[in-house]
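Chemist: Sequence:
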Amino acid sequence: MVDINFSSEEKNAFIKKLSSKAKEQNYINPELYVKYEVKRGLRDINGKGVLAGLTEIGEVHAYIIDENEVVPVPGRLIYRGIDIHDITKGFLKEERYGFEEVAYLLLCGTLPNEDELEEFKKFIANAQKLKEDFIQKVILHIPSKDIMNTLARGTISLYSCDENPDDISIENVLRQSMELIARLPLIAVYGYQSYVHRYLNQSLVIHSPKPELSIAENILHMLRPDSKYTRLEATLLDLSLVLHAEHGGGNNSSFTTHVVTSTGTDTYSTIAAAIASLKGPKHGGANIKVRHMFQDIKENVKNWNNEDEVKSYLEKIVKKEAFDRSGLIYGIGHAVYSISDPRAEILKGYAKKLAKQKGYEEEFNLYETVEKLAPEIIAKERKMYKGVCANVDFYSGLVYDMLGIPEELYTPLFAIARVAGWSAHRIEELVNSGKIVRPAFKSVAKRKPYIPINER
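Just so you know, the sequence shown maps onto residues -17 to 438 in the numbering used here.
None of these hints come from the bench; they were simulated from the model. Beta carbons are placed, not taken as given, at the ideal position from N, Cα and C, and that holds for glycine. Possibly wrong hints are sitting among the right ones.
Label pairs and their computed distance ranges (CB to CB) [said to hold, decoys possible]: (1) H265 / P421: 33 to 43 Å; (2) H123 / K192: 20 to 30 Å; (3) N8 / K264: 15 to 25 Å.
Once the Cα atoms are required to be at most 30 Å apart in a straight line, the calculated BS3-like pairs of lysine-lysine come out as [what the hints assert, rightly or not]: (4) K340 / K293; (5) K(-1) / K298; (6) K127 / K104; (7) K(-2) / K354; (8) K5 / K(-7); (9) K428 / K(-1); (10) K271 / K21; (11) K264 / K3; (12) K192 / K271; (13) K340 / K368; (14) K354 / K302; (15) K354 / K271; (16) K264 / K192; (17) K284 / K5; (18) K293 / K271; (19) K75 / K424; (20) K113 / K127; (21) K127 / K280; (22) K271 / K5; (23) K280 / K362; (24) K71 / K338; (25) K271 / K301; (26) K368 / K298; (27) K280 / K330; (28) K284 / K210; (29) K17 / K5.
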């Protein structure tokens, strides 16, 4: 009989011993990646992405090729052939909320007319309804400290509520996609309310979504105890959702969507995998790091208006002498953009308006100062193949802070927006019946003989 009595000290010692062995046995000499010309991260050494697919959904444009040389240009983000600047100007000029319109555009490939948009909104409003049993048992009964895990679990659990979950016909997947766009906000907000009730001992406040409200308005309505919000607040949250809805097929979570879809699996498993990808701090969690970095800067820089003082502290951050010692100025730099990130430019303008309304002007000015100084400091300290600029994460954290949105919901809001893009990429992969995604990995392990256990 096996003795299963294991003290906590014995367990820790055992795990420590095995982890040391695992690290040693899994280490690969970095020189081998150069020798075999491995495109780590599916990117060339100069940062250009390896072409792994084609898409008509989203385009990220940040450079041109001139006489075989990469020349950076101001960044552009294009949804279904339409520039994001034109999209946002369009609905903002007409004083409308735009996320539902953008979700329709991404899923169907064309801008909806008035009747089509109203039908789409009607479907979304109807799909927001979840059974009380699902809300109680899946969301409220087992709260998680990380709302991204709540989103993933809720998404997987929706499989059990679907009478036809495994059908991957476009008609069925489109239905599932629209339902996920409608339901993820509720799962995220209720998941947060359950978290603060269980772990922070606060009152459990649950508001049902209102069918007449936009998705952005419903998020603020369900999140706030008094359900109150201003038009500017809802507009800025809606704008943030629009700007996060899609970013081409090559970003990690959208590529994950293509990879998992290519296996023929169901929609809920695919979107749960994309959520898991987005949860990583190198992907969707960057805005939280920006917020933490600025909290640190505000604590250590006495005069926020003194550029020399701000510059001096940023130099310490880059030299790994301050903040988290990573050497990174979070929110500055992007894998593709180098001169400008259009999402950051658009968000910045409306963030400035909200800062004035909310009394955050001094803090907003500090953000602008860091945005101005950081590229020069990074270029001086680090060898780079391209320039750096503020990315969307730089201002989104400030926006969420001004909206009173808790940090635990920063990355879930990203997922709530990006599910529209993920769904579009899933449909595109299914329509084009691509091969299962299976890139090559070269084994560099030395051959060894099997040794009988009594001789080891």
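Chemist: Output the indices of the hints that this structure fails to meet, ascending.
Modeler: Hints 1, 5, 6, 7, 12, 13, 16, 17, 19 and 28 contradicted; others consistent.
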